[in-house]
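Count along the sequence shown starting at 1, add 436, and that's the number in the working numbering.
Please keep in mind that the hints were generated in silico from the structure rather than gathered at the bench.
Don't take each hint at face value.
Claimed, not checked - Restraint-style ranges between C-beta atoms, simulated for each label pair:
hint, residue 1, residue 2, range
1, V515, S451, 38 to 48 Å
2, S451, G563, 29 to 39 Å
3, A553, E456, 37 to 47 Å
4, E456, E528, 44 to 54 Å
5, H517, E456, 38 to 48 Å
6, E545, Y462, 34 to 44 Å
7, G540, E475, 45 to 55 Å
8, H517, G474, 27 to 37 Å
9, R459, E528, 42 to 52 Å
Stated by the list, open to error - Quick list of in silico lysine-lysine cross-link-like pairs, DSSO-like style, CA-CA up to 27 Å:
hint, residue 1, residue 2
10, K460, K534
11, K448, K484
12, K460, K484
13, K460, K440
Just so it is clear, CB atoms sit at the ideal spot from N, CA and C, and this is done for glycine as well.
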Amino acid sequence: MATKDALARARKEASMTQEELARKVYVTRQAVSRWETGETTPSIDMTKLLASALGVPVIRLLDLPAEPACQCCGTPFSVPHMERGADADGTENPAYCKWCYDRGAFAYETMDDVIEASAPYLVEATGMSLDEAVSFMGALLPTLDHWKADSRDPRE
Numbered sequence: 437m438a439t440k441d442a443l444a445r446a447r448k449e450a451s452m453t454q455e456e457l458a459r460k461v462y463v464t465r466q467a468v469s470r471w472e473t474g475e476t477t478p479s480i481d482m483t484k485l486l487a488s489a490l491g492v493p494v495i496r497l498l499d500l501p502a503e504p505a506c507q508c509c510g511t512p513f514s515v516p517h518m519e520r521g522a523d524a525d526g527t528e529n530p531a532y533c534k535w536c537y538d539r540g541a542f543a544y545e546t547m548d549d550v551i552e553a554s555a556p557y558l559v560e561a562t563g564m565s566l567d568e569a570v571s572f573m574g575a576l577l578p579t580l581d582h583w584k585a586d587s588r589d590p591r592e
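When you get a sec, could you build the whole thing from the sequences and use the hints?
What follows is the structure, given as structure tokens:
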């Protein structure tokens with residue numbers, strides 16, 4: 437769902453007016469209105485603040501493609517040359533890319549390791565600043581299966 441639609445829906449579900457949300461995130465009502473009409477888009481850091489003010493996970497407000505993506509780095513499998521990883525026995529693992537998971541082993545021990553390795557590619561692909569890419573990945577990664585506290589099995 438587009439950020440503009442997700443934001444408007446979350447605000448209404450929270451029974452907040454644009455003015456009330458604006459006060460909570462220290463912007464004008466007009467800024468909230470522009471975000472909800474799609475005239476402008478809030479920065480990733482503002483999106484995090486909006487999610488907190490609305491009591492929703494930040495991932496709900498991000499305009500992410502509804503397509504399969506690596507459950508370690510978040511890169512969509514539609515990206516050119518984005519191959520799937522392999523389990524120890526060589527069978528393809530549908531949940532992870534080959535850069536994150538190959539031959540039954542993960543390439544990264546921490547989310548910070550993934551962010552350091554992947555953020556420059558996100559900058560190149562999207563035109564985000566490095567700070568924006570790092571912040572975006574910091575919001576996205578905890579929602580992926582590999583980084584969820586209760587899910588560390590690469591087959592999930």
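Results of checking the hints against the structure:
no.	hint	verdict
1	V515 / S451: 38 to 48 Å	holds (39 Å)
2	S451 / G563: 29 to 39 Å	holds (36 Å)
3	A553 / E456: 37 to 47 Å	holds (40 Å)
4	E456 / E528: 44 to 54 Å	holds (49 Å)
5	H517 / E456: 38 to 48 Å	holds (46 Å)
6	E545 / Y462: 34 to 44 Å	holds (37 Å)
7	G540 / E475: 45 to 55 Å	holds (48 Å)
8	H517 / G474: 27 to 37 Å	holds (32 Å)
9	R459 / E528: 42 to 52 Å	holds (50 Å)
10	K460 / K534	violated (42 Å)
11	K448 / K484	holds (18 Å)
12	K460 / K484	holds (12 Å)
13	K460 / K440	holds (18 Å)
Of the numbered hints listed earlier, the single one contradicted by the structure is hint 10.
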